[in-house]
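**Student:** Protein chains in written order, with this note's numbering: chain X, 5 to 347; chain C, 17 to 348.
You may find that some hints are simply not true.
Said to hold, decoys possible - A few chain X residues facing chain C, derived, Cβ under 10 Å: (1) 115; (2) 118; (3) 184; (4) 220; (5) 245; (6) 247; (7) 248; (8) 251; (9) 253; (10) 254; (11) 259; (12) 262; (13) 268; (14) 270; (15) 272; (16) 341.
Said to hold, decoys possible - Result set (DSS-like, lysine-lysine): computed pairs, CA atoms no more than 30 Å apart in a straight line: (17) 75(C) - 156(X); (18) 61(X) - 97(X); (19) 152(X) - 140(C); (20) 156(X) - 61(X).
Claimed, not checked - Covered by chain X, according to a simulated footprint, are these stretches of chain C (three or more residues, beta-carbon under 8 Å): (21) 99–106; (22) 113–122; (23) 126–134.
Just so you know, the hints here were simulated from the structure itself, not pulled from any lab data.
Glycine residues also receive a C-beta, built at the ideal position from the N, C-alpha and C atoms.
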Amino acid sequence: MVSDAVTAPVARARRPRTGTAYPRYVAGKAGGAAVSLLAVLVTGFFLFRLIPGDPVKTMTGGRPVSAAQLAEYRREFGLDLPMWEQFTDYCRKALTGDLGTSYQFRAPVIDKITEALPNTLLLTGTAFVLYTALGMFLGTRSAWRHGKLGDKLNTGLALTLYSVPSFWLGLLMIIVFAVGLGPIPGLFPTGGMESGGKEGFAYVLDVAHHLVLPVITLVAVEYGQTLLVTRSALLDEMGSDYLTTARAKGLRDDLVRRRHAVPNALLPTVTLVFVNLGRTVAGVILVETVFSWPGLGGLFYQALSVPDLPLVQGLFLFFASAVIVMNTLADLLYPLLDPRVGR
Amino acid sequence: MTLLDVRGLTVTYPGGAEAVRGVDLSLEAGRKLGIAGESGCGKSTLALALLRLLPAGTKVGGEVLLDGEDVLTMRWGQVRAVRWAGASIVFQGAMHSLNPVHRLGDQIAEPILLHGGAPPAAAKRRAGELLEQVGLPAARARAYPHELSGGQRQRVMIAMALACDPRLVIADEPTTALDVMIQAQILRLIEQLVSEQELGLIMISHDLAVLADTCDRLAVMYAGRVVEEGPARTVYEDALHPYGRALSSAFPRIGDPASRFAPRGLAGDPPDPTDLPSGCAFHPRCPVALDECAVLDQPLREAGPGRRAACVHVGAAVPPPAGPAQDVRSTT
């Protein structure tokens, strides 16, 4: 055994301060998120007041309307009030979940959002799971065999697809696989979410059938980013001394990778995954529009082209909040993945 | 049987750098061998080569006999079985050699589970015992590396190296990143554990004084070769090779005030391993080089009881009876 003189200073080593550190970390991150949300709220109001055009004229769609009717509309939507009153009104309502009434649909904005949200989540959620899994898997392989032919092909293809505009790829998909090209018959529907008139399992199959092309388009365009981030994060860890230690212990190569290298390379990837998860809620304007998918992205496009101010504003708030919430969740996850964070 | 017998070990990196150029070493169980040399002399490469831990594409030649079996020709499965269970490494600067995201106890238990097939609870208990053996409370098994000081991390590294009761421990600069007080503690700890458990120890360092203090024998490396070898004290105090002399006089000696005020260094840089000088690799920096040193390679030769050195002057003082070295010299 070691002599006491040697043991003493070490035995009294400080204990890890884990007791209060995490709650304080959580409080800090939550506070930051609250400030961001507030900033989004304020920006959302003023940004869309800068869009040129008279909202009431938009509503009436150029039809001849009497001045009295215009005044009535103004009053109905609170547009006759001074700017600061409109603002406080907007803030108070937004905090209670009331995002106003859509000019275009004459329906509460929040209803339009909750109506389209499940459709969007089905599309982007499916794509998110697939491109995240594919990107992380290929990124890990690529980094572990970096410089080899497989790595070069992998990163080359990922970069190419990553740079392809999604609407262009979507249109290509429709031309080749929905309309049919040469010997290839039209295998999939050109757009929409369902053919109508189906129930039960047949309905599920029908929706899945409609889901194929937009999901493939999204996965193809998005997986590259996850792959590249995973790959470079793992490459940064590859030269680390602790990997030599792991090999010296006699671990098999795949265990060295899975148990030692990947957990250390996870942080940047997790950040990206959660940003993507936030974007999942926002939908994908281009792909949803190309495939006429009845989701939030399509709704946003419709609202912008009018412009339907409350709807645009409401969607903006909703999208931004989703990204902020997901980022905060990622922040809360970090200390569990890497003990050095937030202690 | 000799625990470790290294014969004619050569290592050439993919870029063509000859990091190790024919090294012979041997070590009995329970003995301690020091390997000294400045940065880039190939001493760490040598350590990694013993367990075949060098990057793919590196050419390794010669023999590394561990308990009579050649590590360099083993199948990979066998090599993995020898790693840590047969010979373990205490890496330089435990700062980065421990995985930052795993608990220390898990990292220590990992090789036990891998090699011993012990149940997890037993491995965990053993990890706690090992920590206590190196002077840390067993409760530290739940800590992460960043929660410990440098010296404590180095203790963990030592505990980890002992986890599978290896026959040989290779300590690569185990005290380099530590302050002098902690350095002394760690050295005492290593000495003590080695003598208790009858292990063979190879300690690698640039600090000749530390090695002379800890080890039985000492090998001085220069440009990928052993240039002097002998009993640790004698090599430190009375080096025969001019490089060994320069290395030992680079450290001030306790009790010799003159050396404090005039630590002698060595001019010049270590040679580029991709472009080594002709003849004796040390001749451009050698204060006593002869003309022939630029042309003739100097092999290790007997230089007194249990001592060997690779210098033309050594041969001149005590001419070896006969051999290749003599033959080469007579041709000039």
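**Student:** Could you run down the list of hints and mark each one as holding or not?
**Tutor:** Do the hints match the structure? See the list:
Because the closest C-beta pair between residue 115(X) and chain C is about 46 Å apart, greater than 10 Å, the hint is violated. Proximity of residue 118(X) to chain C is violated relative to the hint, the smallest CB-CB distance being about 40 Å (cut-off 10 Å). With a cut of 10 Å, the hint placing residue 184(X) at the interface with chain C is violated, because the nearest CB-to-CB distance is about 49 Å. With 10 Å as the threshold, the beta carbon of residue 220(X) stays out of range of chain C, its nearest partner Cβ sitting at about 35 Å, so the hint is violated.
Hint status for residue 245(X) relative to chain C: holds, with the closest Cβ pair at about 4 Å, below 10 Å. Residue-level restraint check for residue 247(X) holds (minimum Cβ-Cβ distance to chain C is 8 Å; threshold 10 Å). At about 6 Å, the closest approach between the beta carbon of residue 248(X) and any beta carbon in chain C falls short of 10 Å, and the interface hint on this residue holds. Interface hint status for residue 251(X): upheld, as the beta-carbon distance to the closest one in chain C is roughly 6 Å, under 10 Å.
Interface restraint check: residue 253(X) against chain C, minimum CB-CB distance 4 Å, threshold 10 Å, status holds. Residue-level restraint check for residue 254(X) holds (minimum Cβ-Cβ distance to chain C is 4 Å; threshold 10 Å). Hint status for residue 259(X) relative to chain C: holds, with the closest Cβ pair at about 9 Å, below 10 Å. Because the beta carbon of residue 262(X) sits about 12 Å from the nearest beta carbon in chain C, more than 10 Å, this interface hint is broken.
Because the beta carbon of residue 268(X) sits about 6 Å from the nearest beta carbon in chain C, less than 10 Å, this interface hint is met. Taking 10 Å as the C-beta cut-off, the interface hint given for residue 270(X) holds, the closest approach to chain C being about 8 Å. For residue 272(X), the suggested interface contact is broken, since its CB lies about 14 Å from the closest CB of chain C, more than 10 Å. About 7 Å separates the beta-carbon of residue 341(X) from the nearest beta-carbon of chain C, less than 10 Å, and the hint is met.
For the given pair, residue 75(C) sits about 26 Å from residue 156(X) by alpha-carbon distance, which is consistent with the 30 Å threshold. With a C-alpha separation of about 24 Å, the suggested pair residue 61(X) and residue 97(X) falls inside the 30 Å cut-off, and the hint holds. Our distance criterion of 30 Å between C-alpha atoms is broken by residue 152(X) and residue 140(C), whose separation comes to about 40 Å. Distance check on the hinted pair: residue 156(X) and residue 61(X) sit about 56 Å apart at the alpha-carbon level, beyond 30 Å; violated.
Beta-carbon proximity to chain X at under 8 Å applies to 5 residues in the segment 99–106 of chain C; the threshold of 3 is reached and the given coverage holds. Residue count for the segment 113–122 of chain C with a Cβ under 8 Å from a Cβ of chain X: 6. That meets the three needed, and the coverage hint holds. Here's how the segment 126–134 of chain C fares: 4 of its residues keep a CB closer than 8 Å to some CB of chain X, so the rule of at least three is met and the hint holds.
In summary, the numbered hints that this structure violates are 1, 2, 3, 4, 12, 15, 19, 20.
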